[in-house]
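S.K.: Chain S is already provided as a structure; the job is to place chains V, A, Z, R, Y, F and E on it using the hints.
Protein chains: 8
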Amino acid sequence: MIFKDKEAILFTGDSITDAGRKRPIGEGKAEALGNGYVLQIDTLLNVYYPENIYRVINTGVSGNTSRDLVERWQTDVLDLNPDYVVVCIGANDVWRQFDNPHCFYGHIGPQEYRQNLEKMIELTKDKVKGMILMTPYYIEPNKQDLMRKRMDEYGEIVKELARRHNLLCVDLQEEFDQYLKYRYPAYIQWDRVHSGPIGSMLIARAFLRAVGFDRKFI
Amino acid sequence: MIFKDKEAILFTGDSITDAGRKRPIGEGKAEALGNGYVLQIDTLLNVYYPENIYRVINTGVSGNTSRDLVERWQTDVLDLNPDYVVVCIGANDVWRQFDNPHCFYGHIGPQEYRQNLEKMIELTKDKVKGMILMTPYYIEPNKQDLMRKRMDEYGEIVKELARRHNLLCVDLQEEFDQYLKYRYPAYIQWDRVHSGPIGSMLIARAFLRAVGFDRKFI
Amino acid sequence: MIFKDKEAILFTGDSITDAGRKRPIGEGKAEALGNGYVLQIDTLLNVYYPENIYRVINTGVSGNTSRDLVERWQTDVLDLNPDYVVVCIGANDVWRQFDNPHCFYGHIGPQEYRQNLEKMIELTKDKVKGMILMTPYYIEPNKQDLMRKRMDEYGEIVKELARRHNLLCVDLQEEFDQYLKYRYPAYIQWDRVHSGPIGSMLIARAFLRAVGFDRKFI
Amino acid sequence: MIFKDKEAILFTGDSITDAGRKRPIGEGKAEALGNGYVLQIDTLLNVYYPENIYRVINTGVSGNTSRDLVERWQTDVLDLNPDYVVVCIGANDVWRQFDNPHCFYGHIGPQEYRQNLEKMIELTKDKVKGMILMTPYYIEPNKQDLMRKRMDEYGEIVKELARRHNLLCVDLQEEFDQYLKYRYPAYIQWDRVHSGPIGSMLIARAFLRAVGFDRKFI
Amino acid sequence: MIFKDKEAILFTGDSITDAGRKRPIGEGKAEALGNGYVLQIDTLLNVYYPENIYRVINTGVSGNTSRDLVERWQTDVLDLNPDYVVVCIGANDVWRQFDNPHCFYGHIGPQEYRQNLEKMIELTKDKVKGMILMTPYYIEPNKQDLMRKRMDEYGEIVKELARRHNLLCVDLQEEFDQYLKYRYPAYIQWDRVHSGPIGSMLIARAFLRAVGFDRKFI
Amino acid sequence: MIFKDKEAILFTGDSITDAGRKRPIGEGKAEALGNGYVLQIDTLLNVYYPENIYRVINTGVSGNTSRDLVERWQTDVLDLNPDYVVVCIGANDVWRQFDNPHCFYGHIGPQEYRQNLEKMIELTKDKVKGMILMTPYYIEPNKQDLMRKRMDEYGEIVKELARRHNLLCVDLQEEFDQYLKYRYPAYIQWDRVHSGPIGSMLIARAFLRAVGFDRKFI
Amino acid sequence: MIFKDKEAILFTGDSITDAGRKRPIGEGKAEALGNGYVLQIDTLLNVYYPENIYRVINTGVSGNTSRDLVERWQTDVLDLNPDYVVVCIGANDVWRQFDNPHCFYGHIGPQEYRQNLEKMIELTKDKVKGMILMTPYYIEPNKQDLMRKRMDEYGEIVKELARRHNLLCVDLQEEFDQYLKYRYPAYIQWDRVHSGPIGSMLIARAFLRAVGFDRKFI
Amino acid sequence: MIFKDKEAILFTGDSITDAGRKRPIGEGKAEALGNGYVLQIDTLLNVYYPENIYRVINTGVSGNTSRDLVERWQTDVLDLNPDYVVVCIGANDVWRQFDNPHCFYGHIGPQEYRQNLEKMIELTKDKVKGMILMTPYYIEPNKQDLMRKRMDEYGEIVKELARRHNLLCVDLQEEFDQYLKYRYPAYIQWDRVHSGPIGSMLIARAFLRAVGFDRKFI
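Protein chains in written order, with my numbering: chain S, 640 to 857; chain V, 640 to 857; chain A, 640 to 857; chain Z, 640 to 857; chain R, 640 to 857; chain Y, 640 to 857; chain F, 640 to 857; chain E, 640 to 857.
Bear in mind the hints are in silico, worked out from the structure with no lab data behind them.
Beta carbons are placed, not taken as given, at the ideal position from N, Cα and C, and that holds for glycine.
Among the hints, a few may not be true.
Claimed, not checked - Looking from chain Z toward chain A, a few residues come up when the C-beta cut is under 7 angstroms (computed):
(1) Phe737
(2) Asp738
(3) Glu757
(4) Asn781
(5) Leu785
(6) Tyr823
(7) Ala825
(8) Tyr826
(9) Trp829
Pulled out of the complex, with its shape left as it was, chain S reads as follows (with noise of 0.2 angstroms):
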């Protein structure tokens, strides 16, 4: 397990991180985190490493594409001073393209996408003892559905950009394919993009194996 007693983990992203979390701040008793994955980490992390006291904050934002969270970036999770910072965004830079296509201006293309996360890891990779990228998802099995072609391209530039900034990633479409095999999407959740609690358990699953989970769970 990579984090150490007292270290602070900020999670960042947009409404799959958000989940109802308080305002300006997610962080503090369990309510300020939202009911969504990062709820489930922080329970799982207090349930299992009860010897250390974590620092888990919250500043998704329901809506942001990668380029509301370059804007910030600064106040939402520099000027916080985590240990760790774990990015999950992309997911509506790819939904807008489909669900608002007239809406140009709030598309965010695969280059701009690109730019936005190098930007953001730029800006914090020499600040924090650890950056943790997470792929955006679509709850859709069929891979030659558009959107989720078009999903797909924005994970692998989430897993090219994690292997050149020798990051560590996690990657949710794995995860969620892995998981469609045995159920419909709507099971999971009716749009095939929030997570639901399965959803929000199989990101919070991913994660921590992903930074060394390493306790026996019965």
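M.R.: Below, chains V, A, Z, R, Y, F and E without anything else, positioned relative to chain S:
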């Protein structure tokens, strides 16, 4: 156009029909009809056949399956003495099998679906001037998608029953399939089930075509 | 049809245009456009021209007169860089003279109305591909009615300015007059000013006719 | 003045009478009487006849037609043992024919209207010291207007029944007609049916004149 | 009657004047004037002088003392350019001495009250056609009651200032005293300060008498 | 102190007792007792007699007269098997005669008031360890005030019945009279009927004195 | 793992189980299960046993004691035909003795508690594949604390009954005790009774261990 | 009694003081003081010292620590010119260390707590007639409880500073300790921190004892 002046046309079904209609009966000034396809049909009939007065009634109920509809058929359809009855049911019969697979008791299989529809037809056929069936639909272009395949089975049942009982039938799935050549499902509706303004107009247009709408649009 | 793929069409005016649109800008998924004639036009363009993507924007504000519209013209029209601008204003300019005769400062007489419209035209004409004027209207068939007479004066100003500046013009009063041969005003709207679903469809149809809608309805 | 100390005067009818009164019985401190003409009458009786205590009761119900009123006549009028009964009904009997022409079952034609009123008179006449009829009205000066013409038919029925049964009658249409020489209908009320503060005072004044108000105003 | 066609009459003061008026300025359709004496005056002027249009404005603010009123006099009175200004202030100046004796800083003694009123008169006198003072009042018939005695002191100041500056003055306390010969205070209002419908009509009547109302009531 | 460990003391009456208590029975954690004198008594018993557990119950109902109380005496008093019953009723019996003089049917004259109290006493006396009567009161120092005079009549009835039936009696009017030597009524409560925090403490103190409170306050 | 594909597992108890579940039956999409330990168990079963579909049902009711649970056992447990029944009751049986010591009638002593549990077991044992008891708990590490001691008595009863009837038993107090070696009670929950996210996960883990959860966590 | 007629006594602190007071300043009629110990003190001063008028002010703010209090000391204490200042702070300084151990930045250690208090004392001492310190408390009888031990440390600091600066000091922990001999903490408050009605009376009594309350309770 099959409808004559002063005739009452009753629409019933699930949330696609309901669309926020007034309780207990959706009838009267526009807002009483909800904001879905029933309102669109009423509006178009008013605009294009102003020499006639049609009594449009909406008794759709959100969440209903064909089983629920049979149970309230007497009070919500027959007791209102319509001249025409229009039914659009089945979305929840199928959807529940995919988003609530564990609630077995709420799943309406194809056999029960057929029986429920036949029951409605038998109870109604001789009491009205016409009964019109609309197929359920799923806003998903991939015909290999599991839920789409299932929905197609139910659509086939509707079409077959319409043929056997010599009823007008509106193939809504076909309407949406044509439209999906141009747009991604999330543009119409995130959950791929409800119709939104565009889907409501597609349904209204298909319905009006089926009943012999014969006015020039412009 | 004058509109081309990816063009932005901005509608502005008073509550007839507003119809509950999203703030600050009415743009995006359907509910952002309110539930009036702008939504009807957007829906019909989507259904009948699926090969094109139009960016429909609504910046109507309930209660606005032409004076209010001039004041916010820069931010709510020009700054949004539309390809086409559609204006429907004047109902409150006239109405206030009749329902609030004692609030003199809020009355926009014909002379100021003409100046306000000319101001809008001058500011806009050279910056857009087209500007379309829609006359104000009053759902009252009695041409001797005092408010109807007054509204007709304002409608004449609109038509004259359209001719002089060579702009497309939609005579909404004429649309409603045709329809009032069949229906009593209270059927459309109790206050004889707002449009309701039927009036919204009448406006949408007249607008689409003016811009060269050329598809078969059924 | 026909009312004596401690007598109970009951007003009933539709929304014009109701005006937001308390449920189930509108009686007691001022707010219990709603904010319409009944409150104005109660206030003026209190101010000008302070030596008497009148028990003013309001059982108007918004949306009621004469048919509804007959149905609740026993509980909402007779059971309350008033000394005087004042009825103002008919607006909705007529209005529904124009704003909901397709809801045939809710239309009360002149014949049923007459029968309903006669029923009320017969049930009441011998049980009270006086029964007072007020004609329905429409705030529309154009006597050729279709709804105005219809309303005048109903007003004639009220006046004729009052004559035949020797009841006091208040011609509210005449009051509004006099006032409309000076003001446009929308100044009083956008829908031309409800009374607003000015209309309520016109009704109160006409009523008090009819019952013999005999004090100096200033 | 001193008011002429198209003149603006501004009423200001505390909650007795405010009565729920619209913000920021109480002007326009009836509900904008609140539901107190200002509405009654506006209604009676409309009904009895229909040949004139009066612009009635209400800028009363609940809880105000004469000190508060001086502070907002420029924006809430002078900037609105009224032809006539009517002031009814002082109830809270006195009341706070009795219901909040410990909040010394909010007590306006007779000397400051006089100064505040003189300030208002000086600022206004030469800018309007007329200024009318209404005395504060207390709905308590016992002249030995401590708060009644105090209120009478303030009423004397109003009357004296009106004499000195030659302004119209309405003695509201006298109006209520006459009425209290017939009714117990709690009938009008539990707190003996606010006016209720009956008190509002008493104030309206006294005001109209003072300004020369000259029409027959019935 | 007459109350022993584990005894149940039930308070009932009107809004002075009710004070926002929980429904259907006011019993349990503090908020269940409302925020009036019952809570004060419960708090003081807890603080000063911590060695005992008293079961304090509140079944006061806002707006109740003695007539209402008799009607619900079985369910709201006797069925709860209290050891002691405390009654404070009569404020509304009197008040309604002054603030709703025209609602004759709601007036409880002295004779009925006496009968109602006697009925309660008879039904209760033999079933409890003690019954305690508290006089109604009016926060008005002027004994010539009409409502104060009337309230004194009712207070006399309470005291006389207490004497005759040998019940403890708390003269609340006397408490308030003593306090009114120092404070103006509006300081305690604008309507002179409800008790506010100060009045609640006055009532609690008088009650505790009557039942033999014997601890040092500080 | 004892649960098989398609089996129904019903959880019932008090607010710890309820956790905001849907009414009348907590079953279906995730939010129907509340946000407590039942949701956690359902989520973990879904994630780790995706090849099975379990029907998880929640009929906990906030504030319930074992007495309440017996009363609704037929409708809320047996009528739903579960394969497994899980009961967690007793927190309120004990808590009320400490936070409402004066409400004697609501106290469930150890004897009644045992009888209520036995009643549930007898009614159920032969109708299900398994019944699982969970002990009540108190998040207080001090075993001399009065309420903790009392809770331990009730926990012993549960364990003894489980042994005697040969039922699976989950010792929740033991779970919390282990965890309290690392954390102060207020970290988990201010009131030391409800579970919060951490407590819910502790309960879920203990439950899953007892039923033979056999998958690798990561 | 140290307070004299017309003196202003300001209470400040955290939620125990705040108790729902009015914003921005808690002063005026009773509800302005919240429903905690400040209201109790105000009520008792009014009832027992009716010959004096005390100006009681409440500027407590829920959630405040001593650090927050220092920051708003100028505006919320000194600017209001009180004669006496009463401070009760520290509960959150300690609580956050136990219920939010991971939010390190919000923990106020004993050293900072002492400095904050000294800062308040220095800023205030010479500007008021008296400053009174109340110790923080924890409603937990077990002195080995970790949070209780910590709270005792802070209480010692308060007492030591009071001695050193010669200020009145109220040992609230001692009050609660005496009371806890008779009652379990959950009887007073589930969270063991807020005071509830009983705790508020205990605080009020201890405070009044300290300032020389010298009247007979009964």
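S.K.: Hint check: is the beta carbon of Z/Ala825 less than 7 angstroms from a beta carbon of chain A?
M.R.: Holds: closest Cβ of chain A sits about 4 angstroms from Z/Ala825, inside 7 angstroms.
S.K.: Given Z/Asn781 as an interface hint, is the shortest Cβ-Cβ distance to chain A below 7 angstroms?
M.R.: Check passed: Cβ of Z/Asn781 comes within 5 angstroms of chain A, closer than 7 angstroms.
S.K.: How about Z/Trp829: closest beta carbon in chain A under 7 angstroms, or not?
M.R.: holds, 4 angstroms
S.K.: Double-check Z/Phe737 for me: the hint is only fine if its C-beta lies closer than 7 angstroms to a C-beta in chain A.
M.R.: holds, 4 angstroms
S.K.: With a cut-off of 7 angstroms, does the beta carbon of Z/Glu757 approach a beta carbon of chain A closely enough for the hint to hold?
M.R.: Hint on Z/Glu757: violated, closest Cβ of chain A at ~28 angstroms, above 7 angstroms.
S.K.: Does Z/Leu785 hold up as a contact with chain A if the rule is Cβ-Cβ below 7 angstroms?
M.R.: holds, 6 angstroms
S.K.: Can Z/Asp738 be said to touch chain A, with a Cβ gap under 7 angstroms?
M.R.: With a closest approach of 4 angstroms, the Z/Asp738 hint holds.
S.K.: Does Z/Tyr826 hold up as a contact with chain A if the rule is Cβ-Cβ below 7 angstroms?
M.R.: Since chain A brings a Cβ to about 6 angstroms from Z/Tyr826, closer than 7 angstroms, the hint holds.
S.K.: Next item in the hint list is Z/Tyr823. Is there a CB on chain A closer than 7 angstroms to its CB?
M.R.: Since the shortest Cβ distance to chain A is 4 angstroms, the answer is holds.
Figure legend: structure checked against the earlier numbered hints; the only hint not met is number 3.
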